[in-house]
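Visitor: Spelled out from the first residue to the last, the chains are:
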Amino acid sequence: MKITRKDFLRISGLSLLAAGCKRAAESVSQPASSVRAASTQPVRWGMVIDLSKCREKDGCNACIHACNAAHNIPQIANHAHEVKWIWTEPDATVFPSAQTDFAPQTVTETKVPLLCNHCANPPCTRVCPTQATWKRDDGIVMMDWHRCIGCRYCVAACPYGSRSFNFEDPRPSIESINPDFPTRTKGVVEKCNFCEERLARGLKPACVDACPQRVFTFGNLADPESEPRQLLRERFAVQREPELGTGPSVFYLV
Amino acid sequence: MLMLDKALKGSRRYWMWLLCLLCVIVAGLCFYLRQLNQGLGITGLSRDVSWGLYIAQFTFFVGVAASAVMVVLPYYLHREKQFARVTILGEFLAIVSVIMCILFIFVDLGQPSRVLNIILYPSPRSLMFWDMVSLSGYLLLNAIVAFVTLRAEREETPAPRWIKPLAILSIPWAISIHTVTAFLYSGLAGRSFWLTAILAPRFLASAFSSGPALLILLCLALRKLTAYDVGKDAIRKLAVIMTYAMTINVFFVLVEVFTVFYAAIPEHTVHFEYLYLLGGGHNLAPWMWVSAIFAIAALVILFTPAWRRTQLPIACILVFTSLWLEKGLGLIVGGFVPSPLGAIAHYAPSLPEWTIVAGIWSVGAFLITVFYKIVLSVREEVES
Amino acid sequence: MRDRVWIFAGLAFFVAALTCPAWYAVANGKASNKSKPPNLELPANQKECVAPAGTMRAAHMQMLIQWREDVVRHGDRRFVAFNGKVYEKSLTRTCLGCHNKEQFCDRCHAYSGVSDPYCWNCHNDPQTVAGSRTRSTP
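Chains as they are written, first to last, in my numbering: chain A, 13 to 266; chain B, 5 to 388; chain C, 144 to 281.
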């Protein structure tokens with residue numbers, strides 16, 4: 013059998029096409045979240061923040077410092093380029109729709125700690141064109157800084173302002189580097205990872221451990237007997253903008 | 005295939021023009037290298053306004069690209085012979101616009117060396133993936149149709165029969181590129197400025213007026229600078245398309261303004277107040293008013309029989325500038341300010357940002373010059 | 144052959160452009176010490192790596208990428224080596240726990256002309272940053 017040049021080109025072109033189709037079909041049929049085999053016990057990490065306890069020690073910021081040190085968060089002087097994982101904002105900013113015109117200033121102006129909500133239905137992971145951010149089976153909205161192309165679509169999609177972009181090389185703005193955690197490079201997006209690296213070692217998130225008031229209660233929301241679930245049973249809690257259908261895993265006791 | 009040899013013979017004026025454009029391209033490239041080295045911090049972008057001029061320009065030029073359909077559709081579907089001399093110009097304008105779009109996206113990336121991750125890890129849930137698919141498909145379709153018909157013309161044979169289905173396929177495809185681009189924004193729950201179903205229709209209406217406006221200006225320039233005349237009928241028809249598309253666009257904007265202000269949900273009104281409230285210290289507000297006034301002025305000219313024909317170039321410039329300000333600047337920035345946390349961040353494109361944008365514009369002007377040169381040379385050759 | 148000058152000038156430019164990395168290396172003296180293999184300092188406290196030396200030499204980058212995917216994307220940090228030993232999949236903790244970056248990684252990378260793998264844009268060498276801060280346990 014003799015293969016003409018035309019046949020050869022045709023066969024090789026078709027094989028390339030078939031290989032490409034196979035890859036595309038695989039990637040479509042296998043969404044990122046199902047990569048990890050489901051464990052026997054469902055886990056959904058979540059956090060309850062007790063604002064009444066936090067108010068008692070206004071301006072303490074121990075949680076922020078602990079997070080900054082653990083994750084090499086740069087302290088950038090230019091506010092436009094700031095990187096924040098956990099930070100505080102006035103109550104009126106965090107819960108704009110929960111305000112009455114007559115609330116006392118002590119409430120509207122208290123600082124409320126903010127972080128990524130690790131939504132059950134995250135809008136940020138939906139828009140990512142490279143699956144550089146995705147929701148893990150344990151509910152953590154994770155970032156892969158090796159894959160992020162820096163398009164900032166997730167920044168636009170996040171309704172909570174939880175995502176920061178590295179507008180410059182963060183290293184010069186880190187006072188002392190924690191060698192156990194990578195810094196980031198310029199041009200990628202980052203955010204709170206619920207201390208995924210500490211959870212893997214059986215520890216609680218850095219902010220939880222650092223708080224002198226024990227404001228943060230961290231645990232498995234899928235387990236009805238967990239600490240956060242008990243708190244949520246006993247007291248009235250709110251989430252940030254639940255009307256958007258994102259299902260935040262961070263709850264606030266007001 | 006590309007008939008590039010036709011672009012290598014030109015007058016002194018032609019070469020000087022290309023040289024000037026090349027200088028701007030080099031300036032843009034220099035600033036881009038700086039951006040590559042130092043990061044996007046050298047732009048005016050910030051934590052709150054994380055998309056700016058680059059993405060806004062991308063959006064605008066997707067519109068220009070899509071507008072080629074306004075010459076392809078009448079020519080291929082309705083056999084409007086008046087468009088015979090302008091269709092290919094529209095197709096080349098679309099090709100160049102898509103290339104500019106790709107460049108605008110590219111310079112906006114924080115890690116451009118990883119751009120292929122979009123293909124390596126395809127994510128069909130992301131609208132950006134579909135935007136890539138639709139834009140590259142549209143580029144391919146238009147490139148094939150334009151070059152094959154031109155080649156057939158040079159060889160004085162009829163274009164192959166399979167070209168017509170491709171040209172007709174490019175019509176819905178053009179609609180799709182701008183619809184997908186609108187979905188990019190209108191599907192974001194936290195950005196109430198864009199969270200409106202009118203966004204895609206509004207994008208199309210503005211595209212079908214800004215695109216023909218540019219095409220008319222290019223045709224008029226060709227008539228002035230060369231012997232090539234697309235014909236009065238073609239220009240008149242394009243002007244009619246532009247007029248009605250612009251009217252529909254203004255109508256859509258007013259519909260949006262009514263809904264937002266009559267319902268008066270603060271989350272929706274704040275963005276319009278930021279964009280249009282003069283005296284609030286918002287640097288974009290005067291420009292948004294310029295855009296609005298230009299739009300009205302253009303419509304007045306286009307609807308007045310005495311001015312319609314004589315003042316057409318001015319009307320085109322007004323339409324183009326108005327939409328460039330509205331879509332190529334305000335629409336994207338307005339979605340970010342105030343931020344979901346209510347912060348009013350000041351955004352003004354920086355000098356490097358403007359220069360990089362000017363560089364990409366020059367790439368566009370360079371390519372359109374070369375392509376039109378090829379078209380004109382081929383037609384001249386055939387006619388003589 | 145009126146264009147001879149242009150043709151040859153163009154060809155010369157093409158050849159120059161094609162070979163410029165080589166000239167650049169020569170000019171910087173990078174190509175001169177090719178004959179002398181780098182003096183790599185091996186860890187004093189360990190005799191065995193996570194894989195045989197030959198495998199590591201040829202494929203440590205693929206292994207690191209595999210580790211990276213496993214840890215970041217699948218939360219899988221346990222590595223069972225060829226000899227049954229269990230390691231943590233970590234560049235900083237496992238690799239740099241034994242190896243000295245400057246005297247091992249950098250020297251060989253410089254020798255083979257890959258002097259700046261972008262790993263180091265983010266990942267830290269515990270020995271260079273240790274002075275600035277006591278090691279915390281995350």
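In short, the hints are calculated from the structure, not lab data.
There's no promise every hint is true.
DSSO-like, lysine-lysine: derived pairs with alpha carbons at most 30 Å apart [unchecked claim]:
1) A/K216 to A/K69
2) B/K241 to B/K377
3) C/K244 to C/K190
4) A/K65 to A/K34
5) C/K228 to A/K216
6) A/K18 to B/K236
Every beta carbon over 12 Å from chain C, so not counted as near; a handful from chain A, in silico [claimed, not checked]:
7) L26
8) A31
9) Q87
10) N90
11) A104
12) P108
13) A144
14) D156
15) S188
16) V200
Glycine included, each C-beta is placed from N, C-alpha and C at the ideal position.
Visitor: Give a verdict on every hint.
Guide: How the hints compare with the structure:
1. A/K216 to A/K69: Measuring from Cα to Cα gives roughly 22 Å; hence the hint holds.
2. B/K241 to B/K377: holds (24 Å)
3. C/K244 to C/K190: holds (17 Å)
4. A/K65 to A/K34: violated (55 Å)
5. C/K228 to A/K216: Judged against 30 Å, a Cα distance of about 28 Å means the pair holds.
6. A/K18 to B/K236: Given that 30 Å is the threshold and the Cα spacing comes to 48 Å, the pair is violated.
7. L26: Given a closest Cβ separation of 30 Å, the condition holds.
8. A31: holds (21 Å)
9. Q87: It holds; A/Q87 is separated from chain C by about 14 Å at its closest Cβ, greater than 12 Å.
10. N90: holds (21 Å)
11. A104: holds (34 Å)
12. P108: holds (34 Å)
13. A144: Given a closest Cβ separation of 10 Å, the condition is violated.
14. D156: Not fine: 5 Å to the nearest Cβ puts A/D156 too close to chain C.
15. S188: The claim breaks: A/S188 does not keep its Cβ more than 12 Å from every Cβ of chain C (closest is about 4 Å).
16. V200: Incorrect as stated: the minimum Cβ-Cβ distance to chain C is 9 Å, not above 12 Å.
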